[in-house]
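Chains as they are written, first to last, in the numbering used here: chain Y, 7 to 187; chain D, 503 to 621.
By construction, these hints were calculated from the structure, which means they are not laboratory data. As the structure is a prediction and not an experimental result, all values here were calculated from the model. All C-beta atoms in this analysis are idealised placements derived from N, C-alpha and C, irrespective of residue type, glycine included. Do not rely on the hints blindly, as some may be mistaken.
[Said to hold, decoys possible] Partner residues are not named here, just some residues of chain Y that face chain D (Cβ under 7 angstroms, in silico):
no.	residue
1	Ile-31
2	Pro-34
3	Gly-38
4	Pro-80
5	Lys-104
6	Phe-105
7	Tyr-107
8	Leu-108
9	Gly-109
10	Lys-131
11	Ser-132
12	Leu-134
13	Ile-135
14	Leu-141
15	Leu-160
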Amino acid sequence: MVKKISLLSSLTALSSIMYIVESFIPFPLVFGKWGFSNSVVLLLAVEIGFKEASLVAIAKSIVGSLMVGKFLSPQFFMGFFGALSASIVESYMSRFRKFGYLGLSVLGSISNNFTQFLIASFFIKSSLIFALFPLMIIFGIISASANAYIAKKLGGIIVETDLGVLFTKKKRTPFKTGNTV
Amino acid sequence: MKRLLGKHDFLLITIIFALSIPFIVFQSHDRKSIVIVMREGETILKVSSPGRYDVKWKGKYLMKIEFDGMRVRVVDSTCPLKLCEKMGWIRPGGTIVCVPNKVIVTFENVKKKYDTMTW
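Generate the whole structure from the sequences, applying the supplied hints.
So, in structure tokens, the structure goes:
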């Protein structure tokens, strides 16, 4: 339990720092962001479970927006509900054992974008913003593949260093040096 | 741990690409253009001749738009991030959205060639 709390809190810290730092990396669309902080949510949703993933999603959007100074602004609500919906979709779809990290990440990014557009259309009381949705999906696939790679790498590092909980309760298998991607 | 990618992932991405590319390619580009500026769903400004216009709402200055007869852009805005200015020129079918000011700049729907749409 202590190990789990420490893992979740360190991942939350990592993800909220990513939330701030990623705004310095340019993105082809002016209103978009890379969303690297969602890779932590993806990792937790795939490997541990819905509860932990949604907890970290909520915590990272609150902590990150508090640090940037956008708490309770429209952007905060867009990020908050977007990350929450992505964690729901990713953890639900990962039960079916059909998709790997990449497919789950793409599904999560689509649900994240859809929820963000929904919240934005609620704020401006018009659905015209959905005209940008197909473009956002295409760029979302690019950033989702980057996220999937980061999540896989991050999981490999966590398993390798035996930082906190292992993902399964089975007997530990020896891992090679170098992470497992 | 789960694997990074498999054949289902490629299938999913291909399907999504195939579904979303037509929407981008076949966005409507109509000739006649009337710019409308909306705030919270109600039209506050309608522009049909070229020039620069101030967008005001209840006496409060929100932004300045420029229209050249075919395209429209936001020249100056009071919002913090100025995303609407960085969007640049848009053509009919495009939209500029400013979330802090709750403003939408878009083109009025001109009459389409077809009168109904079915899925």
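Each hint, compared with the structure:
Interface restraint check for Ile-31 of chain Y: the shortest CB-CB distance to chain D comes to about 16 angstroms, outside 7 angstroms, so the restraint is violated. Violation of the interface hint for Pro-34 of chain Y is found here, the shortest Cβ-Cβ separation to chain D being roughly 12 angstroms, above the 7 angstroms cut-off. Hint on Gly-38 of chain Y is violated. Least Cβ distance to chain D is approximately 10 angstroms, over the 7 angstroms limit. For the restraint placing Pro-80 of chain Y at the interface with chain D, the shortest Cβ-Cβ distance is roughly 5 angstroms, inside the 7 angstroms limit, so the hint holds.
Checking Lys-104 of chain Y against chain D by beta carbon gives a least distance of about 5 angstroms; that is within 7 angstroms, so the hint holds. Interface hint at Phe-105 of chain Y: satisfied, since its Cβ lies 5 angstroms from the closest Cβ of chain D, which is below the 7 angstroms cut-off. Interface restraint check for Tyr-107 of chain Y: the shortest CB-CB distance to chain D comes to about 5 angstroms, inside 7 angstroms, so the restraint holds. Look at Leu-108 of chain Y: its Cβ gets to within about 4 angstroms of chain D, closer than 7 angstroms, so that hint holds up.
With 7 angstroms as the threshold, the beta carbon of Gly-109 of chain Y comes within range of chain D, its nearest partner Cβ sitting at about 4 angstroms, so the hint holds. Checking Lys-131 of chain Y against chain D by beta carbon gives a least distance of about 4 angstroms; that is within 7 angstroms, so the hint holds. At about 5 angstroms, the closest approach between the beta carbon of Ser-132 of chain Y and any beta carbon in chain D falls short of 7 angstroms, and the interface hint on this residue holds. At a threshold of 7 angstroms, the smallest CB-CB gap from Leu-134 of chain Y to chain D is about 5 angstroms, leaving the interface hint in force.
The interface hint given for Ile-135 of chain Y holds, since its Cβ lies 5 angstroms from the closest Cβ of chain D, which is under the 7 angstroms cut-off. The criterion of a C-beta within 7 angstroms of any C-beta in chain D is met by Leu-141 of chain Y, whose closest approach is roughly 6 angstroms, and the hint holds. Hint status for Leu-160 of chain Y: violated, given a least beta-carbon distance of 11 angstroms to chain D, over 7 angstroms.
In summary, the numbered hints that this structure violates are 1, 2, 3 and 15.
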